[in-house]
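Generate the whole structure from the sequences, applying the supplied hints.
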Amino acid sequence: MKLQDTLSNSEQELDVSKKVRIYLCGITVNDESHIGHARTIIVFDVLRKYLEEKGIEIEFIQNFTDVDDKIINRAQTENTTAETISTRYIENYFRDFDGLNVKRATNYPKATEHIDDIIKFIEKLIEKQIAYTSKNGVYFSVSKFPEYGKLSKKKIDELQSGARIEVDETKNDPLDFAVWKFSDIEPTWDSPWGKGRPGWHIECSAMSIKYLGENFDIHGGGRDLIFPHHENEIAQSESYTGSQFAKIWTHVGMVTINGEKMSKSLGNVKSIKHVLENWGPNIIRLFCLSGHYSKPIDYSEELLKENLTKWRQAEICYYELIHANSENHEETNSIIKKIGIEFDNALEADFNTHLVLSAFFQLVRECNRLAADEKLGKEHAKIIKAELDRMLEVLGLNIPEITENERHEINNLIKNREKFRKEKQFEEADKIRDKLNEMNVELIDHKENTIWMKKENIKAEK
RNA sequence: GGUACUCUGGCAGAACGGUUAUGCGUGGGCCUGCAAAGCCUAUACAAGGGGGUUCGACUCCCUCGGGUACCUCCA
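Residues in the first sequence are numbered from 1405 upward in steps of one, following our numbering.
There could be a bad hint or two in this list.
What the hints assert, rightly or not - Straight-line distance between alpha carbons at most 27 Å, and here's what the computed DSSO-like set of lysine-lysine pairs gives:
(1) LYS1651 <-> LYS1677
(2) LYS1859 <-> LYS1674
(3) LYS1709 <-> LYS1453
(4) LYS1677 <-> LYS1709
(5) LYS1786 <-> LYS1859
Bear in mind the hints are in silico, worked out from the structure with no lab data behind them.
See below:
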């Protein structure tokens, strides 16, 4: 598989000959997760599911930043502890992302649970004279890492002359960044240099190396993390190990609203909770995968609606396959196979999820065509369904389960309706149809028989 | 101001320099008791402007312009 690598600014081949180790920068747990977080994490979820479907072993680490100024501020405002805040939003995180059908990472390390690792990391940097202690904390000395700027393509001197870097007399160089901040405000930890808490960037360096080794395969996150977060991670980590840090840097584009980045200051944040309630997981996932991961996508009700239309087609396809029992039969195995290959090829070529979805919907349409022509035989449907299921699995899409009782009830209602229809008592028949609609069950009248589908309940549709 | 990215039909969005995909939407049809859904079919002479390279450019180069992101916390 080829992936666009931010560091080399070119496509790099992912080595899948052994276990693939992925580190994704997770969220700072100071508020509800929003649809921008969802996109990044869904992209990596599909990447991971695809590789696993191919039988490749994955070690997938995603951190929680559970100590930072915003969390502490929020704790103060709410007159509670930082831990209460971070615990609350970690719980919310899992509520949201389980709801989005995101597979859990191998591990979700938290900064506060790795203070010892972080301290050891900093000690080594000080030992190497790359970090130094000052009045306010311990700082990383950017000038000691000549390659600083290689990820974000920034030049050190331009950064220095750049307008708005805070003037801090206690730092040797305005570009130096904190790896440890002295503080008396809880939470704090003792360190060889004084009481305080870790800087933001250091946790990812310490935890990724701890869990994945010194040079793992993919390091990812949102585009907005390239600078300074990932740039600083590289500086720290490569100074620490003396060797290359992550092999491939994969960055996911922002979710925008009316062309502007979602942000609290603009007040245009769409929480996952809210969008999930209205649109459900499948439509959100389709939306998040609708463009190339490296580019921004613009959030809009129109686009979600378009994906709702598509999702209904997929649902129908699924139920056509389940109910298939046509006598006729059309040979399409080679087409199905071809679509499957297109699906995989699109993923292999820099994870082109738009083309992946094209292939997926091509399969859906092929299947619906056969059904419309009464050419979907039972055995044949099994073959198509296997491929459809595989794609659904990789994309993380989920047809809602249906219970045996429901199935019984639906079948009985349909039988009754058929009876009424034969007797030309259409009013009665339509009543049953309406009743089924209320149960989110839609009837599809074919020439020879009627099949049903249970539609996902989408609040926004109503 | 610096850096990077981006500008494709009504919308979304792809494509080794050589037939301008695909989906949504829209028109028509099939099916149906009527619907719905689905299916079939039609529909867009689309590439920010201007130059250039080339037999040929959406694709490469130059230039002008618009947009976004980052340069401070941010997925």
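Hint check results:
no., hint, result
1, LYS1651 <-> LYS1677, "violated, 34 Å"
2, LYS1859 <-> LYS1674, "holds, 25 Å"
3, LYS1709 <-> LYS1453, "holds, 26 Å"
4, LYS1677 <-> LYS1709, "holds, 18 Å"
5, LYS1786 <-> LYS1859, "holds, 21 Å"
Checked against the numbered hints listed earlier, the structure breaks hint 1 alone; every other hint is satisfied.
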